[in-house]
Amino acid sequence: MIHVENLTKSFADLRRGSVPALDGVSFDVYPGEIFGLLGPNGAGKTTCLRILSTVLKPTSGIATVAGYEASTHPAEVRARIGFMSGNTGIYDRMTAWEMVEYFGRLYGIEEKALQARLHDIFTTLQMHDIKDTLGSKMSTGMKQKVSIARTIVHDPPVLIFDEPTSGLDVLVARAVLKAIEALRDEGKCIIFSTHIMREVEKLCDRIAIIHHGRILAAGTVPELETVYDEPDMEELFFDLISRHDAALAAAAESA
Amino acid sequence: MNWKNVKLILLREIRDQLRDRRTLFMVAILPLLLYPAMGIGMVSMMTIFSEQSRTVVVLGTEHLPEQPKLLRGDRFVRNWFRITTDASKLHVVTDLAPKTSNAQNADTNADIKQRSAILKSARAIRKQVEARDALEQKLDTIRERWQFEHKERTKDEWRALAKRMKPTETRLETVNEELGKLFSSSDIQVLIIVPDEFGANIEALTLRLSKRDSEAANEIEYQRLTIVQNSADEKSMIAYRPIHEAIDEWETKILEERLISAKLPASMTRPVNQHRVDLAKSDQLAANLWSKLFPTLLVIMAVTGAFYPAVDLAAGEKERGTMETLLICPATRAEIVLGKFFTVMLFSFSTALLNLGSMGFTGKYMASIGGAGTLSKLGDLSFPPLQSLMWVIILLIPLAALFSALCLSLATFARSSKEGQYYLTPLLMVTMGLTVFCLSPGVEIRPFYSVMPVVGPALLLKELLASPGSTKALIYAIPVLITSVGYSLLALWWAIDQFNREDVLFREAERFDPGLWIRHLLRDKESTPSFAEAGFCFGLIMFMQFGAMRFFKEAFDRGLGMDKILLIQQLVIIATPALLMGLILTTNFRRTLRLYLPSWRMLGVAALLPCMLHPLTLEMMAVLQKWFFLPLPESMTKQLATMANPDRPLWMVLLVFAAAPALCEEIAFRGFILSGFSRSKRVWLAVGLSALTFGIMHMIPQQVFYASLLGLVIGLIAVRSNSLLPCILFHFVFNSLDVMRRRFGDSLVVDGTRDWLFTLEEGGLRFQWGALTICALVAIVLLRWLINHSANPTTAVTRLTDHATDRTADVLPGATEKPSVGAH
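Taken in order, these protein sequences are the chains called A and B.
Residue numbering for the first sequence follows this note's numbering, beginning at 1 and increasing consecutively.
Residue numbering for the second sequence follows this note's numbering, beginning at 1 and increasing consecutively.
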């Protein structure tokens with residue numbers, strides 16, 4: 001459902017000239033699985049996910065989501081995805097219900113169906129008590145719930161989460177992860193970026209480790225552990241990163 | 001374009017803004033409260049100011065003539081004043097001994113003390129005035145005697161005169177300063193000094209006139225009535241004006257009585273006695289006021305009313321972190337921008353109307369309670385008629401639209417709300433400048449002004465308010481409205497473009513480091529210039545042109561020939577910046593300036609096309625000059641005369657007016673600037689912008705217009721041939737034709753046989769329908785060939801990539817593009 005092939009994205013930076021945020025990234029995500037994009041800060045996770053959500057345009061390469069190419073059919077892609085990140089906030093002066101309703105309408109859901117759907121979502125996520133609370137008056141956990149509701153209001157086949165638990169306490173984070181798991185069980189195609197190992201171990205069916213815009217390794221957790229002969233994900237991760245950095249340094253020296 | 005989405009976004013934004021109590025207050029409540037509050041404040045301040053009584057001191061009161069009476073007790077006689085209440089505001093202190101008998105004159109001790117203090121200072125002032133008069137008289141005598149003695153003045157004699165006058169002048173200065181100090185430290189606003197025997201002298205002369213004896217013609221010399229005041233001091237000036245009028249009236253009465261007693265007709269002093277017939281109706285005067293006030297206010301209110309919502313909706317959305325939420329919803333960028341645009345426009349519109357309405361009602365109320373006094377001078381300030389108000393509302397729409405779109409673009413560009421607000425000041429200054437221009441007397445709506453962005457609607461409104469229902473103004477309504485809508489659409493297009501740019505939406509705050517930036521410019525050089533560099537080159541050229549104007553004028557006055565000046569202008573101001581920037585900022589100089597060889601066919605077209613376009617352009621400009629453009633400035637006509645002057649050698653004229661511009665302007669505009677603008681990957685945008693900049697460079701409106709049009713054609717040639725040479729050739733041929741026409745045009749019209757081709761008229765050779773039709777047909781053929789032509793693979797690739805980014809082509813990669821190379 002998500003097909004990424006040789007995706008490249010460069011930014012022009014005043015200091016460093018042209019900076020490649022993504023450098024030839026390729027992977028696939030299938031329905032009914034959670035794909036984890038694992039990497040340190042600045043690895044290119046957010047850039048990759050923003051390209052998938054059509055917010056950014058790639059410099060080169062192909063990104064196909066739900067059967068449509070992101071750079072040529074952005075509107076069709078957006079109608080079929082749900083995107084949540086640290087930067088997708090909620091409106092201060094709208095209530096929870098209004099917010100989700102607004103986006104539901106933008107997604108073109110017919111009014112009666114929309115009301116029924118809202119009711120369902122608010123029940124599932126236990127949001128009825130904050131139905132009429134304004135965004136500015138909500139706690140972080142409540143805001144997260146509203147964001148999730150907004151993300152799934154139109155029942156998209158593809159879901160994209162960019163560090164969904166960042167800044168959340170244990171309980172709220174757990175609830176979020178539980179929700180994501182439930183969505184996977186419904187058969188959604190989910191891609192999920194993080195730098196927290198526990199989430200990776202508990203949730204992800206397959207992962208890709210990304211660093212400096214390149215995929216260093218990809219596969220299921222047991223596969224990777226076998227290949228790199230390292231049972232601890234965290235150690236595996238650090239190994240790969242440091243090996244990559246060392247190789248870079250050596251190449252720079254010899255050049 | 002899904003209008004349902006636009007409507008959804010619009011309604012949400014409006015509801016959001018209305019829920020913001022602060023916005024609501026500022027937009028709705030504040031105008032309704034502010035203007036009445038200001039009005040009340042102003043009225044109370046003015047009444048306080050005007051109610052204060054002014055002190056006038058009269059010395060030598062006993063010498064005033066008995067009849068007609070100027071003073072009565074401690075006030076002036078009311079009849080001498082135009083506005084009778086002025087008399088009661090002037091408190092007169094005379095040096096007459098007060099009558100002690102009646103109760104009315106019973107002053108308290110404090111009053112008596114104050115009175116004597118005032119009189120004391122008055123007398124001191126009088127002494128100084130007398131001293132000053134004496135000194136001035138002395139200076140006058142010295143001057144007169146000297147002029148009589150010395151008929152021819154040498155420098156030494158001037159100096160001797162100055163030396164002789166110096167001590168008196170110094171003493172005069174001291175006296176003046178003393179006088180000023182005394183006057184300002186006293187509580188006197190105006191001091192009237194009646195000389196001794198003043199009244200007696202007047203009566204004596206009147207008596208003599210009535211007797212008509214032989215001495216009647218002799219003047220009786222007596223001192224004049226002196227009035228001391230300080231026009232720089234507001235209080236003194238306000239007191240002086242009615243007194244001056246009153247004394248003039250009093251003088252007229254004295255003269256009347258003198259004439260009557262001398263049995264002379266009253267009209268003796270006024271043989272002409274002009275009678276003024278003023279056609280102005282009171283509501284016309286009011287309309288005049290509204291016609292100046294409303295356009296200004298409308299523009300200011302529309303700008304400020306649009307600005308803050310725009311900043312909140314664009315930059316504010318970025319700051320609050322909801323921008324990305326909006327960007328991932330199905331609505332397209334255009335739909336988002338439109339929704340926001342309509343929101344901003346609604347606020348701009350409402351703010352302007354609410355402010356204007358509140359101001360209008362307050363103003364009218366204030367005028368009605370003003371009654372007597374300054375406000376009464378406004379007359380009966382009637383509201384503009386309903387028809388005019390309707391026009392105010394109609395013309396507010398394009399103004400609000402234009403400003404909303406502009407503000408939204410600027411706000412999207414800003415990284416934060418704070419930065420966005422900084423953009424308000426320059427925008428406000430530019431619009432204020434345009435509005436002030438509109439308010440200047442004598443500036444009225446004209447075909448040329450009606451198509452300018454803010455000026456058109458403002459002038460139209462001015463005209464409609466000054467003379468409601470005038471058909472003259474209504475004729476202009478159509479071009480004004482159409483062009484205003486056009487400009488708003490352009491601005492809106494720019495806003496949508498901004499919203500589509502990643503670097504604008506996700507702009508991070510960066511520390512601006514000039515060193516770093518320069519290093520970046522030089523290190524990250526690309527083969528061709530960037531869009532911004534092209535724009536900068538144009539700006540630099542305009543700036544240098546502006547700055548060099550003074551030098552050129554000086555050089556011209558000093559005798560450097562016009563042709564040398566023009567040459568310098570071309571080489572230094574136009575060609576050099578483009579060449580330098582091309583060398584420094586790009587890696588592929590050849591590609592930047594398109595220094596390739598074209599095909600022979602292209603050269604042929606480039607040589608033939610100007611011959612066809614020249615007559616067409618000439619005739620078109622002649623028509624437009626008559627009813628659209630303002631007359632040419634003098635400097636231009638001088639230049640044109642130089643061209644036609646048969647004394648100058650032909651090669652020289654061709655060099656200055658054809659070769660140099662062809663070379664230099666093409667290097668700049670179709671070379672560097674077009675290459676820069678071509679980075680936008682939209683061919684028509686690049687050609688259009690380069691043509692527009694080329695036109696604007698010429699500065700004079702007529703030239704701007706046709707240069708822009710020609711620039712489109714030359715730009716097309718540049719893009720299709722990917723070579724600068726045909727452009728230079730076209731430009732050279734076109735300009736040479738003009739020179740030739742002026743020099744040798746008359747020799748073509750030998751006899752009347754070729755009348756259907758050309759005729760000789762006042763301005764020189766002119767073309768008739770025959771010639772024009774031939775030229776038009778050939779030109780159309782050539783242009784069609786150009787449009788369909790693509791010379792080499794480079795051009796073809798450019799067109800292919802244009803298609804790829806513009807169209808939403810097939811989904812699957814590897815789908816074949818429709819072949820676009822070759823003729824359609």
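One thing to keep in mind: the hints can contain errors.
[To be verified] Calculated lysine-lysine pairs in the DSSO-like style (CA-CA distance at most 27 Å, straight line):
{"no.": "1", "chain 1": "B", "residue 1": "K181", "chain 2": "B", "residue 2": "K253"}
{"no.": "2", "chain 1": "B", "residue 1": "K626", "chain 2": "B", "residue 2": "K638"}
{"no.": "3", "chain 1": "B", "residue 1": "K235", "chain 2": "B", "residue 2": "K89"}
{"no.": "4", "chain 1": "B", "residue 1": "K7", "chain 2": "B", "residue 2": "K69"}
{"no.": "5", "chain 1": "B", "residue 1": "K69", "chain 2": "B", "residue 2": "K292"}
{"no.": "6", "chain 1": "B", "residue 1": "K681", "chain 2": "A", "residue 2": "K57"}
{"no.": "7", "chain 1": "A", "residue 1": "K143", "chain 2": "B", "residue 2": "K163"}
{"no.": "8", "chain 1": "A", "residue 1": "K131", "chain 2": "B", "residue 2": "K626"}
{"no.": "9", "chain 1": "B", "residue 1": "K120", "chain 2": "B", "residue 2": "K89"}
{"no.": "10", "chain 1": "B", "residue 1": "K113", "chain 2": "B", "residue 2": "K7"}
{"no.": "11", "chain 1": "B", "residue 1": "K113", "chain 2": "B", "residue 2": "K127"}
{"no.": "12", "chain 1": "B", "residue 1": "K113", "chain 2": "A", "residue 2": "K112"}
{"no.": "13", "chain 1": "B", "residue 1": "K292", "chain 2": "B", "residue 2": "K155"}
{"no.": "14", "chain 1": "A", "residue 1": "K57", "chain 2": "B", "residue 2": "K211"}
{"no.": "15", "chain 1": "B", "residue 1": "K155", "chain 2": "B", "residue 2": "K127"}
{"no.": "16", "chain 1": "B", "residue 1": "K113", "chain 2": "B", "residue 2": "K138"}
{"no.": "17", "chain 1": "A", "residue 1": "K178", "chain 2": "A", "residue 2": "K143"}
{"no.": "18", "chain 1": "A", "residue 1": "K178", "chain 2": "A", "residue 2": "K202"}
{"no.": "19", "chain 1": "B", "residue 1": "K181", "chain 2": "B", "residue 2": "K166"}
{"no.": "20", "chain 1": "A", "residue 1": "K112", "chain 2": "B", "residue 2": "K525"}
{"no.": "21", "chain 1": "A", "residue 1": "K131", "chain 2": "B", "residue 2": "K89"}
{"no.": "22", "chain 1": "B", "residue 1": "K166", "chain 2": "B", "residue 2": "K127"}
{"no.": "23", "chain 1": "B", "residue 1": "K120", "chain 2": "B", "residue 2": "K211"}
{"no.": "24", "chain 1": "A", "residue 1": "K137", "chain 2": "B", "residue 2": "K418"}
[What the hints assert, rightly or not] Distance ranges between label pairs, derived from CB positions:
{"no.": "25", "chain 1": "A", "residue 1": "E235", "chain 2": "B", "residue 2": "R590", "range": "40 to 46 Å"}
{"no.": "26", "chain 1": "A", "residue 1": "A182", "chain 2": "B", "residue 2": "N588", "range": "26 to 32 Å"}
{"no.": "27", "chain 1": "A", "residue 1": "E225", "chain 2": "B", "residue 2": "R590", "range": "14 to 20 Å"}
{"no.": "28", "chain 1": "A", "residue 1": "S10", "chain 2": "B", "residue 2": "N588", "range": "29 to 35 Å"}
{"no.": "29", "chain 1": "A", "residue 1": "D28", "chain 2": "B", "residue 2": "D503", "range": "37 to 43 Å"}
{"no.": "30", "chain 1": "A", "residue 1": "D28", "chain 2": "B", "residue 2": "M1", "range": "45 to 51 Å"}
{"no.": "31", "chain 1": "A", "residue 1": "S10", "chain 2": "B", "residue 2": "F437", "range": "25 to 31 Å"}
{"no.": "32", "chain 1": "B", "residue 1": "R682", "chain 2": "A", "residue 2": "A252", "range": "49 to 55 Å"}
{"no.": "33", "chain 1": "B", "residue 1": "W651", "chain 2": "A", "residue 2": "S10", "range": "32 to 38 Å"}
{"no.": "34", "chain 1": "A", "residue 1": "R174", "chain 2": "B", "residue 2": "K681", "range": "46 to 52 Å"}
{"no.": "35", "chain 1": "B", "residue 1": "N588", "chain 2": "A", "residue 2": "R174", "range": "18 to 24 Å"}
{"no.": "36", "chain 1": "A", "residue 1": "A182", "chain 2": "B", "residue 2": "E502", "range": "57 to 63 Å"}
{"no.": "37", "chain 1": "B", "residue 1": "R590", "chain 2": "A", "residue 2": "A252", "range": "33 to 39 Å"}
{"no.": "38", "chain 1": "B", "residue 1": "W3", "chain 2": "A", "residue 2": "E235", "range": "55 to 61 Å"}
The hints are simulated quantities; they were obtained by calculation from the structure and are not laboratory data.
Just so you know, these numbers come straight off a predicted model, no measurement behind them.
The beta carbon of each residue, even a glycine, is placed where N, CA and C say it ideally should be.
Tested hints:
1. B:K181 <-> B:K253: 36 Å, violated
2. B:K626 <-> B:K638: Within the cut-off at roughly 20 Å; holds.
3. B:K235 <-> B:K89: Satisfied, since the Cα-Cα distance of roughly 12 Å is no more than 27 Å.
4. B:K7 <-> B:K69: With Cα atoms ~79 Å apart, B:K7 and B:K69 exceed 27 Å; violated.
5. B:K69 <-> B:K292: 45 Å, violated
6. B:K681 <-> A:K57: 16 Å, holds
7. A:K143 <-> B:K163: Since the Cα atoms of A:K143 and B:K163 sit roughly 91 Å apart, the hinted pair is violated (cutoff 27 Å).
8. A:K131 <-> B:K626: 69 Å, violated
9. B:K120 <-> B:K89: 23 Å, holds
10. B:K113 <-> B:K7: 79 Å, violated
11. B:K113 <-> B:K127: Judged against 27 Å, a Cα distance of about 21 Å means the pair holds.
12. B:K113 <-> A:K112: At roughly 92 Å apart (the allowed maximum being 27 Å), A:K112 and B:K113 break the hint.
13. B:K292 <-> B:K155: Since the Cα atoms of B:K292 and B:K155 sit roughly 55 Å apart, the hinted pair is violated (cutoff 27 Å).
14. A:K57 <-> B:K211: It is violated: about 108 Å lies between the C-alpha atoms, which goes past 27 Å.
15. B:K155 <-> B:K127: Distance ~37 Å between B:K155 and B:K127 Cα, so the pair is violated.
16. B:K113 <-> B:K138: 38 Å, violated
17. A:K178 <-> A:K143: Holds: A:K178 and A:K143 sit about 17 Å apart, inside 27 Å.
18. A:K178 <-> A:K202: 10 Å, holds
19. B:K181 <-> B:K166: 23 Å, holds
20. A:K112 <-> B:K525: 58 Å, violated
21. A:K131 <-> B:K89: Not OK: A:K131 and B:K89 at ~70 Å, beyond 27 Å, violated.
22. B:K166 <-> B:K127: 22 Å, holds
23. B:K120 <-> B:K211: 42 Å, violated
24. A:K137 <-> B:K418: OK: A:K137 and B:K418 at ~25 Å, within 27 Å.
25. A:E235 <-> B:R590: 40 to 46 Å: Since the Cβ atoms of A:E235 and B:R590 sit about 57 Å apart, the hinted range of 40 to 46 Å is violated.
26. A:A182 <-> B:N588: 26 to 32 Å: 58 Å, violated
27. A:E225 <-> B:R590: 14 to 20 Å: Violated - the Cβ-Cβ distance for A:E225 and B:R590, about 58 Å, lies outside 14 to 20 Å.
28. A:S10 <-> B:N588: 29 to 35 Å: Distance hint for A:S10, B:N588 is violated at roughly 21 Å.
29. A:D28 <-> B:D503: 37 to 43 Å: Once the Cβ atoms are compared, 30 Å apart, the range 37 to 43 Å for B:D503 and A:D28 is violated.
30. A:D28 <-> B:M1: 45 to 51 Å: 34 Å, violated
31. A:S10 <-> B:F437: 25 to 31 Å: 47 Å, violated
32. B:R682 <-> A:A252: 49 to 55 Å: 40 Å, violated
33. B:W651 <-> A:S10: 32 to 38 Å: 54 Å Cβ-Cβ, so the 32 to 38 Å window is violated.
34. A:R174 <-> B:K681: 46 to 52 Å: 49 Å, holds
35. B:N588 <-> A:R174: 18 to 24 Å: 59 Å, violated
36. A:A182 <-> B:E502: 57 to 63 Å: 34 Å, violated
37. B:R590 <-> A:A252: 33 to 39 Å: 35 Å Cβ-Cβ, so the 33 to 39 Å window holds.
38. B:W3 <-> A:E235: 55 to 61 Å: 56 Å, holds
Violated hints, listed in ascending order, are 1, 4, 5, 7, 8, 10, 12, 13, 14, 15, 16, 20, 21, 23, 25, 26, 27, 28, 29, 30, 31, 32, 33, 35 and 36; each of the other numbered hints is respected by the structure.
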